[in-house]
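Heads up: the sequence lines are chains A and B, in that order.
Going by the UniProt record's numbering, the first sequence opens with residue 1, and the numbers climb by one from there.
Going by the UniProt record's numbering, the second sequence opens with residue 1, and the numbers climb by one from there.
No lab work stands behind these hints: they were computed from the structure.
Listed below are the simulated DSS-like cross-link pairs for lysine-lysine, each with C-alpha atoms no more than 25 angstroms apart in a straight line:
# : chain 1 : residue 1 : chain 2 : residue 2
1 : A       : Lys-232   : B       : Lys-45
2 : B       : Lys-199   : B       : Lys-158
3 : A       : Lys-212   : B       : Lys-268
4 : A       : Lys-212   : B       : Lys-45
5 : A       : Lys-120   : A       : Lys-110
6 : B       : Lys-312   : B       : Lys-199
7 : A       : Lys-295   : A       : Lys-212
8 : A       : Lys-327   : A       : Lys-212
9 : A       : Lys-212   : A       : Lys-334
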Amino acid sequence: MAQKSFRQALNEALHFEMGRDPRVIMMGEDLTGGAGANGVKDAWGGPFGVTRGLLDAFGPERIRDTPISEAAFIGAAAGAALTGLRPIAEIMFVDFAGVCLDQIMNQAAKFRYMFGGRAKTPLVIRATYGAGSRSGSQHTQALYPIFTHIPGLKVVIPSTPYDAKGLLLQAIRDDDPVIFLEHKMLYDTVGDVPDGAYTIPFGEARVARDGKDVLIIAIGRMVQVAEEAARKLASEGISAAIIDPRTTSPLDEDTLLDFTETIGRVVIVDEANPRCSVATDISALLADKCFDALKAPIKLVTAPHAPVPYAPNLEDAYIPSADAVVKAATSIVKR
Amino acid sequence: MSSIEAVTVPKWGMTMTEGKITQWMVGEGGPVTRGQEILEIETTKVTNVVEAAATGTLRRIVLNEGTTAPVGALAGVIADEAATPEEIDAFIASYADRLGSGDEGEGGASVPRTITVDGGTVNVLEAGPESDETVVLLHGFGGDLSTWLFNQSALAEKMRVVAVDLPGHGASSPIAGEDVFLKIVAAVEAAVDAVAPGKLHLVAHSFGGAVAAAIATNRPSRVGSLTLIAPIGLSRQMSRDFLVDFIAAERRRQLSSVLERLFADPSKITSDMVEGTLRFKRLEGVPEALSAIADTIADDSGQVQSIGGQLKDLPCPVTILWGDRDEIVPLPQSTEVPANARLRIIPDVGHMPQMEASSAVNDAILETFQRG
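Use the sequences and the hints to build the structure in full.
So this is what it looks like as structure tokens:
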């Protein structure tokens, strides 16, 4: 099977679905070249190179550059979705979703509910997230807990190139608004990705690794950290299972509960700030539904409750590390 | 003269590099007989048991439970009573020298490659030394070439072995529409011609058995032997529910419960196996291809294919293996097995003897190969 990067996998999904369905359009800042490109079209393939070639393939009617006005184009995208198109709107950094939260939270997320199920909002909002790229505290947050909290939104956080393609195709075909979050540090990761089209249903976790001694639940880029930790744990004779929820809304509660019931020891790894987060939410779920199966306290390995620092050494220290996961896992396996 | 045999960390599949010793089923000093399960090893993909390659005493455990070691590492030593402790120490020391020399456990495995054929592509995985004769592994409905996880690397230590993803499975492109069975046979023949020009030894499981029988009938001069594992086409009975439920299972938990029916011991199912199966099931065109294939396997009255007539006319050796706890394709009546075929029934095994009793299957393949 062909090896492709996370970026290529997303690009393939966009190409495929725009070719298949003429209702799919894209809008966002710098998608077709943008400011500073001296008039060169598709100069960078979008801010992160994900949309390269789409302008040539589908033309400016379907690939639209927008002003730096997220409130305006996310609102336009929500309206376009409501009236029959299937827009994909790109917010360069998810940190800027704050300025268009009314369009997302009060409008797009509510249309189906407020119109008695008769309105569809097939809108995908793609955005980057995550620390590690020296982008400063306003360009690096992991804001998926905010979107997960809002009913009416589906929230997708792929961790592998294979999942990125299948989940994006599923997102574009979904009739509800989907927040699709891409970690900047994953774009160059490589994995097996089929050339053909495929979809991955929402609400189905991926079992990234089987194991018996401890269960590591990891979100987004933290799956890589968990895999590194699992390798280190294996060298110490500790067998770790890894589950990647892939979507935080809907959440595959059954898989999380099944594995917790079987293994009894859980570490949750989450790059987001710890208060009111997906990690705390999953922890509460497990404590509520399988308390009797737990052999030790649930351990959370998260970023600190602080903005992401700009100083490289502090930013590195901010991101949950494999060693921290190993320490947490060891503490509950050997207690 | 003393006999000293190594128990090593095996290579299960092309991606395995190390394994964790999870359980010794025999203590140091305990008697073992050839084929006895003596050691359980866990990898990131699968947990399985290692069988003793010799009869004697487990004289030394080199890798204790909980240890993770590379493929080919010496885990223990089986020897007869004539072997002195000094001889065993020397054997262990010599093995440490050998590990890392680059020739342990690799089995010549390579990465899969795609062969273009009429109507699509066929994915193949080649392993083992170059030779004029090639063992070709054909999986069953819903499987892929990873079905041969415990067989290909082991066989490749002795000969060239090519595992094939049938059309509509694994990384091969789907084929559907009219005459799907004939198209599959033609695609597999074309792919095999491209990678294995000499004599073929076909090893096939379940639905793959009908494909292998067709190839052997089409090219009797090229096929040196046939080893069929729970093949379809010998009787009418089978679980059509399995086919229907397999096609309908779109999520991991659902599929996992369907795959469990294949094994006498459902704990053999790994998440990796389920994820791998879902990967090809989710490709566009595959559900339609699987439905078309299922229709060529069974209808409401039972099995559609019939291979008994083809087998009885083959000039090459034919071995048929069956698990006595097979719930998918039940064991045929003795009158339904062609007279020229050797039937071996493997106890306590379901529809996947190549995974549940891999040593017995590997031995049978080699034995059939040598008769050919």
